[in-house]
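Student: Its first residue numbered 1, the sequence shown is counted upward by one per residue in this note's numbering.
Hints are computed from structural coordinates only; laboratory data are not their basis. Just so you know, these numbers come straight off a predicted model, no measurement behind them. Please note: incorrect hints may appear among the correct ones.
Unchecked claim - Derived pair list, reagent style DSBU-like, types lysine-lysine, alpha-carbon separation capped at 35 angstroms:
no., residue 1, residue 2
1, K39, K67
2, K53, K39
3, K39, K65
4, K65, K53
5, K67, K53
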Amino acid sequence: MLKETYLANLRNLPPGALTVRVARPSRLAPSLDLLRDWKAGTLTWAEYESRFKAEIMGRPDAVEKMKEIRDFCARRCLPILL
1 MLKETYLANL RNLPPGALTV RVARPSRLAP SLDLLRDWKA GTLTWAEYES
51 RFKAEIMGRP DAVEKMKEIR DFCARRCLPI LL
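Given the sequences, and given the hints that come with them, work out the whole structure.
Tutor: So this is what it looks like as structure tokens:
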């Protein structure tokens, strides 16, 4: 199970909790170009989502990290830092 949290809330997580950061810099973060296009308002959410998925699937290290997250979540809860 994935749960969202934020940096200021880290102290409230259980001791030894594993967390995954998806904000920049992270192999799971969007590229700077994609982020700039989104912030400039030149993309719809659907376009952003499509490009983001294509970026992630095109990065072997990101795909591997997603598999690790999937396998971990099958056993334990994982807070995601946003």
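Student: Taking the earlier hints as the rules, which of them does this structure contradict?
Tutor: none
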